[in-house]
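> Sequence:
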Amino acid sequence: IIEFFTILAICHTVLAEYADIDNNPHRVEYKAQSPDEAALVAAARDVGFVFLGREQYHDNTEHSSASPKTALSCEFLGQPQKFILLNVLEFTSARKRMSVIVRRPEDNKIFMFTKGADNVIIERLRVSQDSGAVDSETWKQQRELKEKTLEDLETFATNGFRTLCLAYRV
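Letter by letter, the sequence shown follows residues 16 to 185 of this note's numbering.
Hints in this document: simulated from the structure, not taken from any laboratory. Heads up, the beta-carbon is just placed ideally off N, CA and C, and yes, glycines get one too. Accuracy of the hints is not assured; some may be wrong.
Restraint-style ranges between C-beta atoms, simulated for each label pair [as the list claims (entries may be wrong)]:
1) 97 x 176: 33 to 41 Å
2) 62 x 121: 19 to 27 Å
3) 151 x 101: 34 to 42 Å
4) 85 x 151: 39 to 47 Å
EDC-like cross-link-like pairs, simulated, lysine to aspartate or glutamate; straight-line CA separation at most 20 Å [claimed, not checked]:
5) 97 x 18
6) 111 x 51
7) 46 x 61
8) 46 x 105
Given only the sequences and the hints, what does the whole structure look like? Please build it.
Written out as structure tokens, the structure reads:
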């Protein structure tokens with residue numbers, strides 16, 4: 016669940032706006048190219064994964080360049096979070112997904128967060144039992160979860176619901 020709302024709070028191009036700064040300084044509204052994108056970020060906000068805005072960030076590491084980066088400032092369940100934006104792979108009708116690549120300064124971990132059409136995301140998920148990356152029981156559980164997810168996606172589509180899948184990689 017934490018990863019789900021983290022992706023919603025980070026993987027977007029919305030702008031945070033503080034419309035009523037005098038009466039409600041903590042209420043963040045979002046402006047986006049698509050109402051769906053603003054709604055997803057607002058949903059994350061409403062459960063405690065608040066995107067606060069974009070700001071310039073000067074990296075003080077030995078690997079940093081002289082130019083400032085963009086930082087995504089957030090508050091997750093009351094704890095301040097910052098992610099350095101490394102790249103945005105915009106949504107296109109050909110890609111059918113959007114991705115952001117970010118670095119978390121506290122531990123320098125790099126993440127790729129992606130959201131998009133179910134068929135595009137699902138086909139990119141892979142866990143190979145042959146790679147030795149997972150044991151046979153974990154592989155079986157992941158295969159079963161993927162099969163159940165595909166069944167649920169089919170049910171949603173049959174009932175006329177729009178679907179969106181989320182994924183990440185560390």
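> Taking the hints in turn, state whether each one holds.
Results for each hint:
In this structure, residue 97 and residue 176 meet the distance hint of 33 to 41 Å, their C-beta atoms being roughly 35 Å apart. For residue 62 paired with residue 121, a C-beta distance near 22 Å keeps the hint of 19 to 27 Å intact. A beta carbon spacing of about 36 Å between residue 151 and residue 101 agrees with the range 34 to 42 Å that was offered as a hint. For residue 85 and residue 151, the Cβ-Cβ distance of about 43 Å falls inside the hinted range of 39 to 47 Å, so the restraint holds.
Distance check on the hinted pair: residue 97 and residue 18 sit about 15 Å apart at the alpha-carbon level, within 20 Å; holds. With a C-alpha separation of about 14 Å, the suggested pair residue 111 and residue 51 falls inside the 20 Å cut-off, and the hint holds. At roughly 16 Å between alpha-carbon atoms, residue 46 and residue 61 fall within 20 Å of each other, so this suggested pair holds. Between residue 46 and residue 105 the alpha-carbon distance is near 17 Å, which keeps this suggested pair within the 20 Å criterion.
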